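Peer 1: Using the sequences and the hints, build the whole thing.
The listed protein sequences correspond, in order, to chains A, B and C. Okay, so the first sequence: first residue is 1 according to the working numbering, each after it adds one. Okay, so the second sequence: first residue is 1 according to the working numbering, each after it adds one. Okay, so the third sequence: first residue is 1 according to the working numbering, each after it adds one.
Be aware that one or more of the hints could be misleading.
Unchecked claim - The calculated lysine-lysine pairs, modelled on DSS-like cross-linking and capped at a C-alpha distance of 27 Å, are:
1. A:53 x A:43
2. A:123 x A:30
3. A:220 x A:123
4. A:53 x C:148
5. B:169 x C:148
6. A:220 x A:271
7. B:356 x C:164
8. A:123 x A:113
9. B:402 x B:169
No lab work stands behind these hints: they were computed from the structure. Keep in mind it's a predicted model, so treat the numbers as computed, not measured.
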Amino acid sequence: MQRIGSAADVDSQEFRRNDLHNRQLAAELKERQRLARFDRPEKDIERLRRQNKLFVRNRIAALLDPETPFLELSTLAANKAYNGEVPGAAQVVGIGIVAGREVIVHADDSSVKSGAWYPLSVKKIVRALDIAIENRLPVVHLCDCAGGFLPLQAEFFADRYHAGRILRNQSILSRMGVPQVAIVMGQCTAAGAYVPALSEYNIVVEGTGAIFLGGPPVVKAATGEQVSAQELGGALMHTSVSGTSDYFATSELHAIAIARNVVARFHQPAKTCIDRVAPEPPAYDASELYGIIPEDARAQFDMREIIARLVDGSRFDEYQPRYATSLVCGFARLYGYQVGIVANNGVFVRRQCAKGCSFHSNMRQKPNAPALPAERHRLYGWPRI
Amino acid sequence: MSQLPFDTVLIANRGEIAARIVKTLRKLGLRSAVAYHEIDARTPAVSMADLAIQISGNTPIASYLDTRQIIAAADQARAGALHPGYGLLSENAEFARAVTDTGIAFIGPLPDTIELMGDKIRARNFVQSNGFPVAPCVIEEDDPATFASRAQAMGAPLLVKPSAGGGGKGMRIVRDLNTLEAAIEQARSEAGRYFGDARLYAERHLEYPRHIEVQVLGDCLGNVVHLYERECSVQRRFQKIIEETPSPALSQELRARICDTAVRIARAANYRNAGTVEFLLSGDDFYFLEMNTRLQVEHPVTEMITGVDLVAEQIYAAAGRELAFSQSDIVSNGHAIELRLYAEAPERGYAPTTGKVLLLEYPNDVRIDSGIMQGQHITPAFDPMLAKIIVHSSSRMESALKAHRAVRELVLLGCETNANLLARIVSDEAFLGGHFHVGYLEQNPHLAAGNFSAGMSAFLASAALLTRPVRDSADAVPELHSALGNWRN
Amino acid sequence: MYHSFEVDGVDHTLWLSASRHGYRLHLRDEVIAPVAFTERSDSSGILTIAGQSEPVRFVIDGELIHLHIRGRTRTLRYIDPLGAYAAGNDGTCPLVARAPMPGRVVAITVSPGDSVSAGTALMMIESMKLETIIRSPQDGIVERIHVKENESFEHDAVLVTLSKEGF
Chain A
1 MQRIGSAADV DSQEFRRNDL HNRQLAAELK ERQRLARFDR PEKDIERLRR QNKLFVRNRI
61 AALLDPETPF LELSTLAANK AYNGEVPGAA QVVGIGIVAG REVIVHADDS SVKSGAWYPL
121 SVKKIVRALD IAIENRLPVV HLCDCAGGFL PLQAEFFADR YHAGRILRNQ SILSRMGVPQ
181 VAIVMGQCTA AGAYVPALSE YNIVVEGTGA IFLGGPPVVK AATGEQVSAQ ELGGALMHTS
241 VSGTSDYFAT SELHAIAIAR NVVARFHQPA KTCIDRVAPE PPAYDASELY GIIPEDARAQ
301 FDMREIIARL VDGSRFDEYQ PRYATSLVCG FARLYGYQVG IVANNGVFVR RQCAKGCSFH
361 SNMRQKPNAP ALPAERHRLY GWPRI
Chain B
1 MSQLPFDTVL IANRGEIAAR IVKTLRKLGL RSAVAYHEID ARTPAVSMAD LAIQISGNTP
61 IASYLDTRQI IAAADQARAG ALHPGYGLLS ENAEFARAVT DTGIAFIGPL PDTIELMGDK
121 IRARNFVQSN GFPVAPCVIE EDDPATFASR AQAMGAPLLV KPSAGGGGKG MRIVRDLNTL
181 EAAIEQARSE AGRYFGDARL YAERHLEYPR HIEVQVLGDC LGNVVHLYER ECSVQRRFQK
241 IIEETPSPAL SQELRARICD TAVRIARAAN YRNAGTVEFL LSGDDFYFLE MNTRLQVEHP
301 VTEMITGVDL VAEQIYAAAG RELAFSQSDI VSNGHAIELR LYAEAPERGY APTTGKVLLL
361 EYPNDVRIDS GIMQGQHITP AFDPMLAKII VHSSSRMESA LKAHRAVREL VLLGCETNAN
421 LLARIVSDEA FLGGHFHVGY LEQNPHLAAG NFSAGMSAFL ASAALLTRPV RDSADAVPEL
481 HSALGNWRN
Chain C
1 MYHSFEVDGV DHTLWLSASR HGYRLHLRDE VIAPVAFTER SDSSGILTIA GQSEPVRFVI
61 DGELIHLHIR GRTRTLRYID PLGAYAAGND GTCPLVARAP MPGRVVAITV SPGDSVSAGT
121 ALMMIESMKL ETIIRSPQDG IVERIHVKEN ESFEHDAVLV TLSKEGF
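Peer 2: Written out as structure tokens, the structure is:
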């Protein structure tokens, strides 16, 4: 494979202008993510402390294997919705590693509106579970949700993509034999009660965790009976009387240790044998991407300059380099994996379409690069024209 | 040489000293018998001895102090002689009499000598009346009502000690006279419990003298020789932990003077058998501390430099033989150091430790007097000393190096010991320079504390790699994820 | 969730990760790689750490790992997170006075039902040659005395259980 020769002039004024602009954009993204993740009123942090609860990020940090990646999804969900008062839609979801297994982590963020579900929270959870289904990923639910945000309850159940979908997705995972474990770290009321109940395993934290369809006020209203949350659906009740829950935990960390232990027993499917070699950094500095992508979104640039800064050794084996040149197709290695790359490099009309189709079908037949991984790791680059 | 009048010796002791005595008995062609408590069934002495006789009691220690059972064991073994070792019954005159009365030879001095030297106040008066130097002191018995005020008048610092005592038990240093009353009460309570004798005396406490002792040997014909001195100043709580000979503190002239004084004290006491005269040395002045009428823990260093087997000499003396050598025959050769391995944690204020000896490996080419073996439980029932490492070389510096290497090569897993402290001391500058005194460890707390984090990563790495859950969790992570590490978007 | 080993009362957290060239050891403030351990026998092995080889003698006794490296002996205790976190944070755990060292009871100075305050002498123990007073860790009522006079006990044994006043 040939190394791509870069024509970028890193000393040019244009490069520097782009670099500055794009770094500002990246910094703004990072800052918005930081705020969505960590910026909370002191009273909410104080309330968690009083309740003896860990902040959701610390719960996830304790859950995950140290020194492994966590790919967080939908980081800016509900970014400006609800007057910007519900950062991340009060949810943290992502793909992380627990006891060596790739799992979807779904955690209610009770530092935001006590973890109440908003319509966009539901959407974020449904999406995470869709990914779990598509990729056969076990799920760890860290449940600490105050229930649906009632002023918006009309948007919760009416549609097939609303909250019922969460329970449906959980059931599909079960049918597929993909296990879920839920830790009950707060009160799981109403629809929230189904999340631990529909998980293969659930753990309740003594004192703070509870599961019931209707809480003590509902019981009082219905039967006149005075009952505490713990008596009604606490750790002791559900692990020793109802059998709804499997494990009793004395603290959140204890519950997380139990959950890690449960996940460690999950079947670890053998990975498909894929074509992979030792990874190699690109020959060009990836940070130069900031200077290459134009400030003006309409400006044209050579997509090969991007590929050169992404792929191993900047080596790229181009397909049909002389035909329909405004669509760049070819093979490269990304972090050691063989991948096919399809990149739009200008106008896209009939010829480009034919080239793309034929590259795609060739990739499927490539004897040494199994069709699935090549397809799975297909990379599309679309310049904004 | 005439045949010994007995062919079997009962050892009324335990631990390393019992095993060490068995070795000499074997060398002399004598049968060895040990009396042991059940708790010691799995110890070197019991496995090495020709005969082991079980004794029992309310506590393990009580059984070793039970005269009746010990004498019965000697009878059962048909022992003609009894070796009391050190500690336990070794300085109990009544016991020595009871043994002698049953026609068994007591390997030690005459009971009267034990009695004289065992009473620290009588011993002190005896030595003083014979014209030898002693420290200023006040004795409670002289006038119990005024004891505290007389002690007060002598001034601080002073040392309150039980008259019947030894080995640091019940001793209290008083630096602030306001604490004198409390110290007297505590010392009295401990003295009563340990020795059944609550009498006390108080003596001038020399801040930071050296502890020098002289090994003497006498026969029943009145011949007394010395086998040079031992330097025992490296102590913690009045307990010696490292001893050596020759002392780096003595000039030839001072050595001759102190050894000669020891011989004359022993001769005045008509001393028979092996004994030790202890002195405190401050500058060029020394005064009599006490005389131990038994084998000392640290006797091996003397054996190393003189080539004399002190246990064999004790047996010959008890058998009535004349000393086979005169003073001029005893030549000091090279330098020897003994390290006492204790079951204790110097890092935690010398708290005693317990456990089971899971792995035990001793260094080669040094002398080890060991009281433990693999599989043995270390209990708090006895003194925490486990073993002694004795090295001998041509010079002090070489001995220190050898001791350092030996203590680092010693592997004892399953019970925490003071090995790290011993290694730190024998490589410490002050120790190597010979500049130390009985307050050395107290003044250098860093030696006991150690460097907690030194080399920790090697321990953590080994523990991590040897612990299945740790290794399993590493192996469970797919290689790609572990290569990406702590990546976050 | 990091692994944790206790050494002389201090917890050390760590994580081990695998790489193509052996294991990496992640400590609180450094990463050491590669590290490897080759077992030679039941009780000896070679530790390779940052390119240096060290002979190691070891015995594993349950959660305890006894090690002898470079002339130094230490015992490390693997803290099983399931057990450790289960025990912690348990509000109903009674107050106890534990033995700071192995020893023997000399005299007991309180009886069950006695009201004690923090620092009240509960008993005198004797270990080797030292007498130590065991004092109450907190205010409370003596609920139970677990040892008798003259009885021996091990390090960390529970000597006295206390309950909170008016509890």
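Peer 1: Indicate, hint by hint, whether the structure satisfies it.
Peer 2: Now for the hints, and whether the structure bears them out:
1. Only pairs whose Cα atoms come within 27 Å are accepted, and residue 53 of chain A paired with residue 43 of chain A is accepted, the gap being roughly 14 Å.
2. Under the criterion of a C-alpha separation no larger than 27 Å, the hint pairing residue 123 of chain A with residue 30 of chain A is consistent with the structure, at around 23 Å.
3. Annotation: proposed proximity of residue 220 of chain A to residue 123 of chain A is violated, straight-line Cα distance about 33 Å (limit 27 Å).
4. For the proposed pair residue 53 of chain A and residue 148 of chain C, the alpha carbon gap of about 43 Å is over 27 Å, so the pair is violated.
5. Note on residue 169 of chain B and residue 148 of chain C: the hinted pairing holds, with a Cα-Cα distance of about 24 Å set against a maximum of 27 Å.
6. A C-alpha spacing of about 53 Å is found between residue 220 of chain A and residue 271 of chain A, which places the hinted pair above 27 Å, so the restraint is violated.
7. Restraint check for residue 356 of chain B and residue 164 of chain C: the C-alpha separation of about 37 Å exceeds 27 Å, so the hint is violated.
8. With a CA separation close to 17 Å, the supplied pair residue 123 of chain A and residue 113 of chain A stays within the 27 Å bound.
9. Using a Cα cut-off of 27 Å, the hinted pair residue 402 of chain B and residue 169 of chain B is violated, with the two alpha carbons roughly 32 Å apart.
Figure legend: structure checked against the earlier numbered hints; hints not met, in rising order: 3, 4, 6, 7, 9.
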